[in-house]
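We have chain E already, so just place chain L on it with the hints.
Protein chains: 2
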Amino acid sequence: MNAYLISIGDELLIGQTINTNASFIADKLADINVNVTKIAAIGDSESSVLAEFEHGLEQNDIVIVTGGLGPTHDDITRTCVVKFFETELVENEEVLENIKDVFAKKNRELTDVNKAQALVPAIAKPIKNYQGTAPGMWIEKDKKIFIVLPGVPYEMKCMMNEFVLSKISERIPDRDKIIKRYNIQTTGIPESYLYEKLGDLDELLEGAKLAFLPSLVGVKLRITVEVNDEETAKNKILEIEQKIRTKVGRFIFGRDDDTLEGIVGKLLKERDLKISTAESCTGGFIAHTLTNVSGSSSYFERGVVCYSNASKVEILRVDEDILVELGSVSREVAMQMAEGVKSTSGSDIGIAVTGIMGPTGATTDKPVGLVYIGYCDDKVCTGMKFNFGNDRLLNKQRTTWAALNMVRKQLLGIALDE
Amino acid sequence: MNAYLISIGDELLIGQTINTNASFIADKLADINVNVTKIAAIGDSESSVLAEFEHGLEQNDIVIVTGGLGPTHDDITRTCVVKFFETELVENEEVLENIKDVFAKKNRELTDVNKAQALVPAIAKPIKNYQGTAPGMWIEKDKKIFIVLPGVPYEMKCMMNEFVLSKISERIPDRDKIIKRYNIQTTGIPESYLYEKLGDLDELLEGAKLAFLPSLVGVKLRITVEVNDEETAKNKILEIEQKIRTKVGRFIFGRDDDTLEGIVGKLLKERDLKISTAESCTGGFIAHTLTNVSGSSSYFERGVVCYSNASKVEILRVDEDILVELGSVSREVAMQMAEGVKSTSGSDIGIAVTGIMGPTGATTDKPVGLVYIGYCDDKVCTGMKFNFGNDRLLNKQRTTWAALNMVRKQLLGIALDE
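So the sequence lines, in the order shown, correspond to chains E and L.
Everything in the first sequence is counted per the working numbering, starting at 20 for the first residue and increasing by one.
Everything in the second sequence is counted per the working numbering, starting at 20 for the first residue and increasing by one.
You may find that some hints are simply not true.
Put simply, identical chains are the same to the list, so a pair is met inside one copy or across any two.
[What the hints assert, rightly or not] The calculated lysine-lysine pairs, modelled on DSS-like cross-linking and capped at a C-alpha distance of 30 Å, are:
hint, residue 1, residue 2
1, 404, 176
2, 216, 186
3, 266, 404
4, 385, 119
5, 176, 147
6, 239, 176
7, 216, 428
Honestly, the hints are just simulated from the structure, not real lab data.
The shape of chain E in the complex, shown without the other chains (with noise of 0.2 Å):
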């Protein structure tokens, strides 16, 4: 099946928002194996926008149309669905509903604003919007499916999760042979390293597709196999990730949606461990990331974030000499860091994070991208240094990717090595 993606919106022509909502729809599609053909972001004018519907049904078995759903003026994609189907605005009483709940929730009067978008075209079935109040919708006419979402990221991607991507997988007709994929997650080695270990490819594949998606937390590899049946796939990808796994086991962390922060918390967890976090430089950012998890209370217990050196001394028990003598930006402090957080939080491992973010605080012998990371459980106390680049936020989420993965390779007993 082929899809074409439709994003409306004059911030997208003049580079006021990144077209992310096309990418996460894309996305999303590759994994059920529908084709985008096509991406097309356009602006909030009436013709531009009947062009596009006409144009992307065409030669589409799907069109997605996101965005221009809201209650303003400037939101004029429902009027456009309602004359391209020359259909009619109908009240739909569970829309109504559903808009009710979200302001009794949030104790705020309903306005008529608000109330009319409760009118569905009566061609479209209404897509429950859990986290606002425009409705999505569902079109089916001539064996084609057209498809329209607000251009809210979190709500598109509520209704794609819960609703249509499922929903679009019952209608893809049956193929010969089918298509799997299956992702393996790494970390703590570039990609170019990754695809070296890995050697000779077509050996290790043997018909199979292999991707190096890179993002920050570390490198996926996406395994593609087209096979007969249910059972080859599965076996033919367990191969693949086994040999995989014998050439770089240690980096990979987790598979398919795994996340570093949810590998760690699910170690503590089984371990019935407690842990806690000292952090400068990051700024809490490895807190957040591991209360990210649902349920994470039961193992984190607490964090603290020490940007000034007083802090440093009079919460973590760090050595005022040592900071004097060594400077807060280093293996000692962090060390020490750990030590104080796991003993007064009385966590059976302590965290700690150090270092130069940037884009000031750099001294001659202490670049932008300097980090040492602490970490300590009852037996073991180490420290190791990491040099990453110039951007103040990719700095604070590459230590903290750093940071988990030491967490994770101390409670597997791999090697730390920098």
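Showing chain L alone in chain E's frame:
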């Protein structure tokens, strides 16, 4: 002048790459008043590329193509240019010299594949690549401009900045009108309320345009004016901003690219105040957000992430009896946490949050999304109640924006209201 942007690459259609190139170019073109009518992303297929070239040139003065200029088998843009313009490839001396330079600098051997990048369509003027080997192309035909740039973002950006933008500017006919854009950033008010509060938009705008751009932090209002000269544009925007400020001034935190954390930081710095954070449910995200600002160490003293009740009592001196009586998610505990972090850190301001982020943790009287934010300084200690949604990550972010907005309002003497 109208422009049409074409981004070429399979990676865009499977969601592996987000099309940041198009938004960069669109943003730059908006600055020189070139109007982008559409952005199309297509795959590495000759027929799609040729069709898109045709389509783009039909109704636009300028077509800008990015991607598919690399040296490997799936890079087909140059071949498509040759076919489309019925021209031929000619080796270009300057380009060849540039390629040789690049390789000499990296101490790498020049291969035939790289040498072949010096072949340029006869109809095109090559655009120098200061960052890599593939030249860009500038083609003028039938009063239309056709530009091809590499897909590698920093190579493309360099060509845009060094050559393309000034060259296009030369070609723009003197026009009667100029277009100016200006953004006003609001927070703490939903789009529909903002819309209603602004009242009659025609009266407010008198011919200017206004767009509502909602995000998690708030709603951005984009004013666009099209008038005869810079002076008139400036006055017109100022006049509209004044009218908007009269109606919704207390929700406005900044303009254009301002961030809420940046504005709060600026206020703290100006007043020489130090802030500390005590977070339960946000797990460090407030501290992280505050410390995303370079130089935040001058006003951010420390942060604590107190997930456990024990840590709330030990670090923040929250009253144990109150914790038992009212529960950790309560206004009183939020205020005690704020007071605790303020006094233990010796900061001027303490801000604290406690809540239920979900999906688990709700009780009959405390639903997912319930959050209390506490604020204390030397004069005031207060707490506010919020009801956010069901999504854990979004709740952490919303709580963070609400907390920062509370600090902003307190610093500016704007009344808090729930």
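| query | 30 Å Cα cut-off: does residue 404 pair with residue 176 within a copy, between copies, both or neither? | reply | between (38 Å within a copy, 28 Å between copies)
| Using 30 Å as the alpha-carbon threshold, which applies to residue 385 and residue 119: within, between, both, or neither? | between (57 Å within a copy, 20 Å between copies)
| query | Is it within, between, both, or neither for residue 266 and residue 404, if the alpha carbons may be no more than 30 Å apart? | reply | within (25 Å within a copy, 53 Å between copies)
| Copy assignment of residue 239 with residue 176, given that the CA separation must stay at most 30 Å | both (21 Å within a copy, 21 Å between copies)
| Intra- versus inter-copy proximity for residue 147 and residue 176 (alpha-carbon distance at most 30 Å) | Close inside one copy (12 Å), not across copies (41 Å); limit 30 Å.
| query | Should residue 216 paired with residue 186 be assigned to within, between, both, or neither, using CA atoms and 30 Å as the limit? | reply | neither (41 Å within a copy, 39 Å between copies)
| When no copy is specified for residue 216 and residue 428, does a C-alpha distance of 30 Å or less occur within a copy, between copies, both, or neither? | Classified as within; 19 Å inside a copy, 55 Å across copies.
Going through the hint list in order, the structure does not satisfy hint 2, though it satisfies all others.
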